[in-house]
Amino acid sequence: AQKITQTQPGMFVQEKEAVTLDCTYDTSDQSYGLFWYKQPSSGEMIFLIYQGSYDEQNATEGRYSLNFQKARKSANLVISASQLGDSAMYFCAMREGRSGANNLFFGTGTRLTVIP
Amino acid sequence: KAGVTQTPRYLIKTRGQQVTLSCSPISGHRSVSWYQQTPGQGLQFLFEYFSETQRNKGNFPGRFSGRQFSNSRSEMNVSTLELGDSALYLCASSLMRDRAYNEQFFGPGTRLTVL
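Just so you know, the sequences run in chain order A and B. Just so you know, we're using our numbering here: the first sequence kicks off at 1 and counts up by one. Just so you know, we're using our numbering here: the second sequence kicks off at 1 and counts up by one.
In short, the hints are calculated from the structure, not lab data. Do not rely on the hints blindly, as some may be mistaken.
[What the hints assert, rightly or not] List of simulated lysine to aspartate or glutamate pairs, DMTMM-like, C-alpha gap at most 25 Å:
| no. | chain 1 | residue 1 | chain 2 | residue 2 |
| --- | --- | --- | --- | --- |
| 1 | A | Lys3 | B | Asp85 |
| 2 | B | Lys57 | A | Glu44 |
| 3 | A | Lys73 | A | Asp55 |
| 4 | A | Lys3 | A | Asp26 |
| 5 | A | Lys70 | B | Glu103 |
| 6 | B | Lys13 | A | Glu44 |
| 7 | A | Lys70 | A | Asp22 |
| 8 | A | Lys3 | A | Asp22 |
| 9 | A | Lys3 | B | Glu52 |
| 10 | A | Lys73 | A | Glu56 |
| 11 | B | Lys57 | A | Glu17 |
| 12 | B | Lys57 | A | Asp55 |
| 13 | A | Lys73 | B | Glu103 |
| 14 | A | Lys3 | A | Glu56 |
Because the structure is a prediction, the values reported are computed rather than measured.
Between the sequences and the hints, there should be enough to build the whole structure, so can you do that?
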């Protein structure tokens with residue numbers, strides 16, 4: 001079974017509008033971390049936001065917020081006031097805490113296009 | 001503070017050759033993880049090194065190997081290259097491990113093309 005599922009291969013959003021990118025995860029660990037990364041065409045992975053499994057509040061970082069629904073095992077990324085520079089691939093990733101290892105499991109990504 | 005650096009940025013090899021990629025983590029970071037990104041398989045974890053020891057390995061054949069030096073710099077080696085090894089290889093460094101939150105900082109990647 002896939003550990004991270006992103007069901008939206010591509011999304012379009014109008015500039016200045018908000019957009020939600022979906023992510024569901026699968027783990028039996030009680031302790032885990034969820035990450036969102038942005039990958040522009042240059043290839044570098046840029047960290048956006050993190051949510052820990054024990055965090056009671058949804059994470060926020062500037063225009064990024066994470067809608068964490070633990071019972072549903074979903075961790076959707078919300079980008080508010082979209083900008084042209086937000087056009088990129090977005091990856092949801094998970095680190096399982098039990099193993100103590102530093103490997104991330106990534107989803108297949110969502111390509112976001114911001115329309116002027 | 002300098003970020004994660006990877007060299008070379010681009011590489012072209014032919015089938016059967018071997019290649020070595022290098023990654024210098026952020027100063028003070030002791031954990032280096034390697035990932036392979038392809039259009040077909042997406043982002044897959046290769047291995048992790050911490051304090052010069054391989055701590056974790058993904059599901060890749062033995063042709064893929066790595067090492068870490070005392071200054072935390074890491075190299076990965078791919079022997080007997082195959083066409084399917086063409087990919088973007090990303091390196092990520094972390095300060096620690098064994099924590100639920102452990103941000104990984106990624107380098108710009110090395111794009112390997114196998115002809």
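Here is what the structure says about each hint:
About 23 Å separates the Cα atoms of lysine 3(A) and aspartate 85(B), which keeps this hinted pair within 25 Å; it holds. Annotation: proposed proximity of lysine 57(B) to glutamate 44(A) holds, straight-line Cα distance about 22 Å (limit 25 Å). About 14 Å separates the Cα atoms of lysine 73(A) and aspartate 55(A), which keeps this hinted pair within 25 Å; it holds. A distance of roughly 5 Å separates the Cα atoms of lysine 3(A) and aspartate 26(A); the hinted pair therefore holds under the 25 Å criterion.
The straight-line distance between the Cα atoms of lysine 70(A) and glutamate 103(B) is roughly 21 Å, inside the 25 Å bound, and the hint therefore holds. This hinted pair checks out: lysine 13(B) and glutamate 44(A) have alpha carbons roughly 22 Å apart, not beyond 25 Å. Taking the CA atoms of lysine 70(A) and aspartate 22(A), the gap is about 14 Å. The hint holds against a cut of 25 Å. Between lysine 3(A) and aspartate 22(A) the alpha-carbon distance is near 14 Å, which keeps this suggested pair within the 25 Å criterion.
Distance check on the hinted pair: lysine 3(A) and glutamate 52(B) sit about 29 Å apart at the alpha-carbon level, beyond 25 Å; violated. For the suggested pair lysine 73(A) and glutamate 56(A), the alpha carbons sit about 14 Å apart, so the restraint of at most 25 Å is met. Simply put, lysine 57(B) and glutamate 17(A) have alpha-carbon atoms about 41 Å apart, too far for the 25 Å limit, and the pair is violated. A distance of roughly 29 Å separates the Cα atoms of lysine 57(B) and aspartate 55(A); the hinted pair therefore is violated under the 25 Å criterion.
Our distance criterion of 25 Å between C-alpha atoms is met by lysine 73(A) and glutamate 103(B), whose separation comes to about 21 Å. In summary, the hint linking lysine 3(A) to glutamate 56(A) is supported, as the alpha carbons are separated by about 22 Å, within the 25 Å threshold.
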